[in-house]
Each structure stands twice: as C-alpha cells, then as structure tokens.
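Q: Protein chains in written order, with our numbering: chain X, 1 to 338; chain C, 1 to 338; chain Z, 1 to 338; chain G, 1 to 338.
Just so you know, these hints were derived from the structure itself, not from any lab.
From a predicted model like this one, the values you see are computed outputs, not experimental measurements.
Hints are supplied without guarantee of correctness; some may be wrong.
Calculated pairs, SDA-like style, for lysine to any residue (alpha carbon to alpha carbon, straight line, at most 20 Å) [stated by the list, open to error]:
| # | chain 1 | residue 1 | chain 2 | residue 2 |
| --- | --- | --- | --- | --- |
| 1 | G | 199 | C | 140 |
| 2 | G | 155 | C | 141 |
| 3 | X | 328 | X | 140 |
Protein chains: 4
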Amino acid sequence: MTVRVGVIGAGWIGTEHIRRLSTTVPGARVSAVSDIDRERASSVAPQGAAVLSDSRRLVESDEVDAVLVASWGPAHAEQVLAAVAAGKPVLCEKPLATDPADGLRIVEAEHAAGRRLVQVGFMRRFDSGYRALKEAVDDGSLGTPLMAHCAHRNKSAQSSYTSDMAARDTAVHEIDVLRWLLDDEITTVQVLAPRSTGKRHPHLTDPQFMLFETAGGVRIDLEVFVNCQYGYDIQCEIVGEEGLVRLPDPAAPRVRAAGRESTAIFADFTGRFAAAFDTEIREWIDGVRAGGEPTGPSAWDGYAATVVTDAAVESLTTGGAVTAVELKPRPALYGGAA
Amino acid sequence: MTVRVGVIGAGWIGTEHIRRLSTTVPGARVSAVSDIDRERASSVAPQGAAVLSDSRRLVESDEVDAVLVASWGPAHAEQVLAAVAAGKPVLCEKPLATDPADGLRIVEAEHAAGRRLVQVGFMRRFDSGYRALKEAVDDGSLGTPLMAHCAHRNKSAQSSYTSDMAARDTAVHEIDVLRWLLDDEITTVQVLAPRSTGKRHPHLTDPQFMLFETAGGVRIDLEVFVNCQYGYDIQCEIVGEEGLVRLPDPAAPRVRAAGRESTAIFADFTGRFAAAFDTEIREWIDGVRAGGEPTGPSAWDGYAATVVTDAAVESLTTGGAVTAVELKPRPALYGGAA
Amino acid sequence: MTVRVGVIGAGWIGTEHIRRLSTTVPGARVSAVSDIDRERASSVAPQGAAVLSDSRRLVESDEVDAVLVASWGPAHAEQVLAAVAAGKPVLCEKPLATDPADGLRIVEAEHAAGRRLVQVGFMRRFDSGYRALKEAVDDGSLGTPLMAHCAHRNKSAQSSYTSDMAARDTAVHEIDVLRWLLDDEITTVQVLAPRSTGKRHPHLTDPQFMLFETAGGVRIDLEVFVNCQYGYDIQCEIVGEEGLVRLPDPAAPRVRAAGRESTAIFADFTGRFAAAFDTEIREWIDGVRAGGEPTGPSAWDGYAATVVTDAAVESLTTGGAVTAVELKPRPALYGGAA
Amino acid sequence: MTVRVGVIGAGWIGTEHIRRLSTTVPGARVSAVSDIDRERASSVAPQGAAVLSDSRRLVESDEVDAVLVASWGPAHAEQVLAAVAAGKPVLCEKPLATDPADGLRIVEAEHAAGRRLVQVGFMRRFDSGYRALKEAVDDGSLGTPLMAHCAHRNKSAQSSYTSDMAARDTAVHEIDVLRWLLDDEITTVQVLAPRSTGKRHPHLTDPQFMLFETAGGVRIDLEVFVNCQYGYDIQCEIVGEEGLVRLPDPAAPRVRAAGRESTAIFADFTGRFAAAFDTEIREWIDGVRAGGEPTGPSAWDGYAATVVTDAAVESLTTGGAVTAVELKPRPALYGGAA
C-alpha cells in the first residue's frame, strides 16, 4: 500500500517535505498540495497531484490518506482539527497551535475520537544523536537525572525575528526534546537577559538565558542565542546522580592546517537535522501504513510546548519573573491518569 | 516508474538488501529472488516476488529491470556477465570477481557494449564521513596528497577466516576507497607481519601491516587487525603538502562516569556503515530510474581491486616482498586514455 | 637571594606548600613553621627551620622574609594583618577572611601602607588552561563576553561538608577566576536547588545551581555538584559576540578497549591543579625576590570573593532570591577610581 | 646541598638549560660555563660562574659537581668520556655520539667504572603524556604490544637540514622513546620515500616513512615530515592485543568561531616539550643530590639510538632496503645478561 499524502502549505518547509516524500521515503506519494497561493502550490506539486487553494477540500479528498500540515502557524489548529474530524492521520509542523486553547481543542478532539491521529513535527526526537542520548538516560547507568545544560545557537536572525520567537520558534525544540528525554513535565520557566550582543537588530533581546524546572525537580538551563555568528550549534548535557551524557556534535573530518586542528560546524538547521527530517517522515509513513497510532510527538506534546513557550514569553516581558506553567490534566490517551 | 529488482543470493547480505529495497529505498520493488537453495530464497522473498533457483532465469526475466548480485563470490562474474549481456543495470557485491581475468572479462564486455551497466558494492564511497574526506582532499586546501595512514580493525574473526582474506575481504575496502579518494592507481603492495596476537585462531597471520604505493607516489600504510577485541574501528588520514584530514569517528554521546569520559565504538560494520548501505542502494536506484550510467564504483574499480588484493596475497605468501600491481590499460569508458 | 618563608599551619595544605617550597621551587627555603599544635609543626618542618606554636612570633621573626598562611580559615585575617603590619609579603590560602568586614580591614591596612603585600591563594589563575582561556578572551577575537557556563564537580563530600560550603569553599574558585577572566565585578547572585542527589549526606543541598550577573551585564551560570561520583571535573565556557572558548580538559591518553574510547578524569583537585599550585608558588617567590608587588589575586580579590560568597549563602537560605552583592568602593591601589 | 653544574656549550640549548637551572629548578646552580667561543660563554653565564673556553678544564674543576653537555654533536663523546673519567654525573644532549664506536666507548667506560654516570637528553621520557602512555602500556590492560604508529612533523626545515637528519635529529626521539615504551630493542629499519612535498629545499627527501621491527616482533611505522607547514605535531599510538592507547595532544582551549571548532597546535618543540625539559633537569638534579645513578636514558640508550639512526640513513641511501641493526651485547650495568 502506498500512502497518499496531502500537503498543506507550499512554502519552504512544505516544499522540502514534498521532495522528501517523493524521493527519499518509500511507501508514500504526494497526491494533493494546497496553498492559499494556488500558483505556488502548483509550482511544487508533483506530476499527477491535485492542486488546491482550499485546505479543507484537501483534507476531505478521497485521494488523501494522510495530511501533512506545513502552512502558516496560525492556520495549523483548524487544519489539524479538520484532519481529526475526517479521521485521517496528520503530521503538523510546529507549532501545533499558536494558542494553548487551540492546542487543548485538538487534544480534546482526539480524546473524543478515542485514538491518536496527530503527530507534531518536532524532528529532534528522530535525530540519531538525541536518540542515543535518550537511550543513555533511560538505561539507568547515569542514575536519576538532576540537571540539563543546553544551548541553541543560530548564526544570525533576520529583522522579522522578534524577542518572543526565542521561546516560540527556537527554544520550543529544546522544550519538547527535554520533556521527552526526561519523561517529565515542565512546571516553571524563567527567562533572563544577559548583555545583548551588538550583532543583532536593535529591537531584539539576544541572547536569552532560560531556566526550567520540571515536576520531578530537574533544573534545565538553556542559552538561546540567535546571532552567535559562528554557526548553528546545538548542545545538550544531562547530568544524573552517577554521571553525565552529552549530545554528540555531528561527525565531521578533523583537519590540521595553518596552526590549528579544526572541524566544521553546520551553518543552519537544514544540514544539522537533514537525516532527522528524513527519519521523521519515514517513520510516520511506516506508522500510517501499519495502521497504528503515531509514536512521535503527540497533540499533548504540542499543547504542552505551547503552554510552556507562552509562560516563557510572559517571563521575558515581566523582567524575568519565575512563571508557572499550568497544564490541564493529561488524558489517559497520552499516558496520563485516567 | 518503480524499478523491479531481481536479487541473486538470499544469504545475510542479500536479505539485508531485500529489506532495504522494500522498506528504506523509494522507487524500487524486489520482483524476484534466486538462490541455489530455493527454500532460502522463498523464505526471504517479499510477497509477490518470483522465487527461483536459477540466477540466469532471474537475469533474463521480463519482471526484472535491474539485478543485485549478492551470491557467493566465485559466482559473481558469471552473473554480472549475464546481466551485461541482457543489457540490465547490475549492482554486484564485492568482489566483482575472484580472479583478475574474470574481472577483465566484465570490463571488456562493458567496453564492447559501449556503456557502463555495472556497479560494485563498495559502500564506503557512500559514507558521509568518507564523502566529507573526499571533499576536503579535492578542494585543494591541503595541497597534493603525499601519504595516507589507515587502520581496519574487527573485533574478532571466525576460524574460517584465513590469512589471504585480510587482503581479499578486509583491506579490499581501503584499496577501493583510497583509489577513489586519491584518484590514483596502486602500483606496488607489500604485506608485513607484526607479532601476531594471541587472540586469534592459530592458522591466521593477524595483524597484517600493508604498504601501498600509487602511480603518483603516494605511500599508503594500512593496519589490518581482525581480532582487535575492542570493536569495529575504521581510521583513515590523508596527509597533504599543507595539512591533513582525518576520517571522523561516528558521532556518539560522550559519557562521564566512573572516572572516565568515553564514547561507544561500533561492534561491527553493519552499524558503522548502515547509512552508507542505504545511500548506496538509494543512489543506485535513483540512477537506474534516471536511465544514466552508474556513478558508483565501476567494473574497472572492481577489476583493479582484484588485481591489488592478488598482489597483496602474493606479498604475504612470499614473506613480505614488494609486489608489483599490473593492470591492463584502462579503457576510455572508465576515464582512461582513449 | 633565597627567600626565607615562614609557613603558618601544618595541616594538609601547609605540608604540601612546605614540600613545594623545599623541592619544587627554586630560590626559597622554609625557615619557620608554626601551628597551634606544635608537634604537628615539628613533624613537617624541614631540618633547620624554627618550630613555633605562636604565629605572631613567626611573622615577626628576623628569619622570616615572607609569610605563607595555611592555617584554619577563621585565623587568616589576623595573621595576614600581622604580616602587613610587619611589612612582609604574605600569601594567604583562601579564604582571605571568613567575614567581609575582616577582608575590608586587610584592604584598608594595605591602602594605609600604600603598597600591596597580600596575595590570595586562588591557584586557578596559574593553571595553563585558564591562562590560555584568559588569552583567548583578552585577544578580542571572540568579541565582548556575554555569558559564561561553568561546572565544578567533586566526586563526593564528607559529612562535615555543609550546604553553605558549596559557595564558600567550592564556588569561590569560580567566583575569583571569572572576575579575573572577565575583568568585571559580580553584582547579583542567585542560588537554586535542583533535585538533590541520593548520593549525599541528608543535610546537604547538592547539586546547587548558581547564577551571577556582572556589572557589565555578563550572565554566569555555575553548577556546583560535590557528589557527582565520577570524578573531579571543572568546566568553563565563555561565550562572546563572535564565538566561544572552552577550558580544556587536562591532556590524557585516549584508550580504545572493551567497546569504548575513553580518557581518564582526575579523582580530585590535587592532581588536576598540581602544576597550577607549583606555578603559583614559583611566581610568588620570583616576585618576592624581585621586590615588586604581587601580581596574583589581591586582597581586594579576596575581599570581593567573601562578599559574593556571603550573598550566595544568603540566596540559598532565602529560597533562591536574587541577592545583591554590595562592595565598598575599590581603592586606587587595586585599579579602582582614586 | 646545592649541585654546582658546569655547562659545556653556550648555544641555544645550553642557554636554555642555564636559564632553567637558574630559575626553574631548585637545588642547583650554574658554577661554570664553557664554549669554544669564550665571549659567547661569558654573555650567558650567570653572575659568579666561571667562564672557560676549554671544556676539559670545566669538567675537572673543583667548582663543578655535575656536567651538562650542550655543545656541538661531534664534541659530545670526548666531553662525556672526560666526565666519566672524572667520576662526575653528566647529562648529555642528544646525540650521545655521532658514531656508534664512540657511543660504545662511553658504554665501556661506564662498565669499567662499575656505575652509571651518564644520562642522555631525550626529554620525551619526561613528558607527562608519554609517561601516561608508558603507564597504560605497562599496566597490562591493553595486552602485549603488537604495533606502534607514529608521526613526527615539523613546520619547516632550513636549507641546512639534510636528508640524513630526518633519522639522526628527528626520528631519533621516537627511536628512543619507543625503545623505552616497549622495553624492546629495534632490530631492523627500512626508510621509504613517499612523493616529496613541493614545500621543501630541493636537496631534501621529505617526508620519509620509516619502518622498524623490534626483537619482540613489534612493527613500528613513523612518518617524519619536517615541512608539514601547519605546526609541530607529535603522534604516537600503541596497539596491543586487547586495545590501543594514543599519546594525548597538549591541552588547549577549544574555540568555536567562524564556522569551525578548533584548537591551537604548537609551532615548535620548545612550546610542546617545555614542561618535559623542566622535569628532565629537575629529576636529574634531584638524582645527583640523592647520590644515586641516573634513572633517565642511559649511555646504552644513547649508543643504541646512534646504531639505529645509522641503519636508517643506510636504508635511505640504499633505496629503502631493510637494514639490520647490530648492537653489541648489553652489559649487565644496563639490565642486560651478565
């Protein structure tokens, strides 16, 4: 069986997913593409795929077995809800929703439907380095986790990047991956502002230093620095009672030349997480073909991430106050208490 | 278009390729499997695939667009020649031939056919680390290559592993990948025997220390050690006039525990080169779909490897004499003089 | 000229310094040793050295050119003041004083004397790794510093180690070395408590996570974890506008064995900073012989460290409040405004 | 007791040792300096030291307890023999002798004297990295050594550097340190010539690739490359039956900037082995003060190094022939058979 995927959104990420579904992932075919800009949809749709401007028609099409949402963030929630209503598996790029209330509606819709259909596009869970980290944390040899030290650095940010995006667009990846690594919920957030770099647009607070506390008492610190100049750099270290483990840097040849030994650092996330994106889509398609529920990040994870990033933005705008993260009770569907 | 692949040989590597073609690589389908043990073929063939005991019938089948040879080494040459005769693309696991004369027959058959159909299964050329190494060598920043220092270590070898296999089965991977990295032919081989490890079957000379000289004057040294006990470990360093570059170890989390910082080493080649195998097959299928000639290791590369390994075995059996590698002239089809 | 050194305190660190002065450092001789336990002093004094129970007589002795204070912390201030009064160079193990007021008295005494005589025993400033870090920060290539990420881990702490000692005895080293690396004063401190490790004595808060802000706006985070089990581990990373630099781990052979590549981690600070202690004493003696003022950590640095650690303890005991560090104006003697 | 050292030779290395003895090493004093250029001796001699042009008078002076030979290589043997005749400890910079016969005369003179007085200045045995390597080899955890892979790279060589110096001046350090690490004698040498670098003076064969075999069957390969352009780089890996161990690179801060993570490489041996030189001299002086025999590299080690380097030069000049190393029987004084 070949999964016929309808892709909503023909921007950069949607186009990347169409390429991936067409040339890298077996068992799938892009059968429809929609975009509010119909011409753009047309320009990236594979031969034979339907081209639409209305995402709702795409979701409901008989030619579409599963939906991939890669549209503008504010549109995500309605599109995901439509897929759930249609009973179709849906992979939604982050964020699942731009508002916690919308995220909760999706959680409730799944709960009502009685089964999970939604996966959120947090690709790091599919990165081989993070998976090895998860294994090391889970095998117990390092003891109970106590702290995590993280950094998320981008080379530079455009002027459209605003201070709240440090949480919503950037830190959100760590927020998800740490909830998963630690199997724990975040309960408080605090966002501090070190001296800002001169290499930023003046409206931006950059870097930001974020502190999270989990239900289990783990302290997480995260440097978000989106104008670090030197490259795209993701660091994560988990400290347990008996030892620690550190996310590997991507393998790169070591060069000795001109007085230094050096290795290259990726310039952006597309290179750094290329294989993770491939694995994410491949495993999602495999799951759809197998007919089971998705095993990747759930609607609950997407909802929780939105609540945490909202709290982070609130902390930043209130001068670094410790801000509580208030989640609704987790339905049994997601492993919560019944 | 989906490429219908006929797989010859249902042993370990054949089974792996069937799995890969069925679940990892888009655009392909295993349409036939043959093995001299028909039952074995039957047990690994995907649903709907033809099962045969005669490889010739597989090659000629209308249901087969391309052939993957994963049988016993001594059978390779005839099977590849059959595919060339049938005008079908063929990917042949190493060795292309167990005898240089057979390798040459394939080269000549392609030459006669006027186009390349054969690719040899040297998967390292598809490893991201080796590719980055190749890029570093080719970009010129390190100057002309002068030397290469290599090591190929396996955890342990079974009693069926004989001293000549150190060249034929083990070093053959370095022989191919270094010819490719340096874009140069090997002209002499010398195989020396350090003190043998106590951790080997008594009939075996292990480790072996191999020295190669290329037409361009590059000196290559290669430690082959197939009972190193600690893991599967591949090292390669190219030294040029201005600097050097080293093959990266696979990325792995760094752990600090019990008084040491450490990273895991792979136990065998299947983990170490899993992604390389995937890429090899994916790119081969992409090429077949595109209808062009294969861009991977050619019949000429397979022939050259056989001549070099023969010379290495001769050097070992003659007590370490410097042994000349005598290749026929390279046909223009492979980039040689017209 | 040989510097005749009087050593106050014959405990572990005093004994180490006596050994160092006798066998590792040229140009010095231990001429007197005092300890409230006269027998202990006698057991470690080199042949020919005077043995005293009264530190004041040691300081005033004609046989003593310079004083090394290695006694119990609460006694330091009086002994240092006596040395200053006698006009003799004095190297005082940390802390300079257990109370900021005492530290200030020393600063004022030096100020009154019109020249620096006091050096505080923060040995990290003499570690080759920290010195290379300082050079990298100072050469400007990384831009203005914005953040520092640090960790100070000990294998295990005895039951006599109390929660306040995390600041006073442990973090105090980072406090000094970061003030020096950044050439900046710390202005606020906050101490947070992650989940405590099960591998501690029950009265202890361990690990502690400390946050510092400097006058220049640099944010420093410091994990203090004194029961980390795996070894003695010191980490420090300075992030600037253009790049970052990380303190090197001590050089150690890389071993490949039993499925892992690994390097040894020191068990405690004596191995980790052995060379730094040697350099500290050697440079101090060289300075005394040259007759100039000491170039190592000053009385001001010792005073500032005491004020910062006091604020850290206050933050810990008040549940993690951001606590201001209030320093008196820095006298011109130490590079402050006149 | 202060050891009064007479230094023969006031060139670069002699001057360095005078500085070291005067300012870094306790328990010693330079009491006399000689050089055939009396003025040069005068310009570097510390105040109060005798200045001579005749090394024999220095050796015999009542003001000299121990002799440090840092003159021109061809003069070493006679000066060392004079010291042995005078019954004085002598540290001789490498080479002990420029001719094996002279080295043997020294060995015989010590044998006749019935005790060891001579130490040869192979400073690597005092490097902390090599010492950790030695410990790892000796502790047995890696099993019996089978191979060693080494590289000795210099940034560039002056026009006065001739092809034989690759063995005599450069490889001689590896020859000594590997005999020590492996506790084994070298029995054959072979020197091969890879393609020469364009970055050399035309008369020079550079790089050279050297192969050694030991009595115990260990194979050693050594790249000597004295115009590698990028820095001074010393590599050494010992492969045993159960695992391997690698000489650490010197600790250096890791910098992330401009798209790369990098660490600095030393420019020359003076930085790389500065601490090793200090330790060498300090331990030699300690030994002289203690009155025992030297524990560093012996006259036998100096003699053996000369025989091996002679064989290496012979191999190079005969086109890479395997050349036997023929040592006289080792006297019991050096741990040989009685």
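Q: Run every hint past the structure and note whether it holds.
A: Structure-based check of all given hints:
| no. | hint | result |
| --- | --- | --- |
| 1 | G:199 / C:140 | holds, 15 Å |
| 2 | G:155 / C:141 | holds, 16 Å |
| 3 | X:328 / X:140 | violated, 30 Å |
Going through the hint list in order, the structure does not satisfy hint 3, though it satisfies all others.
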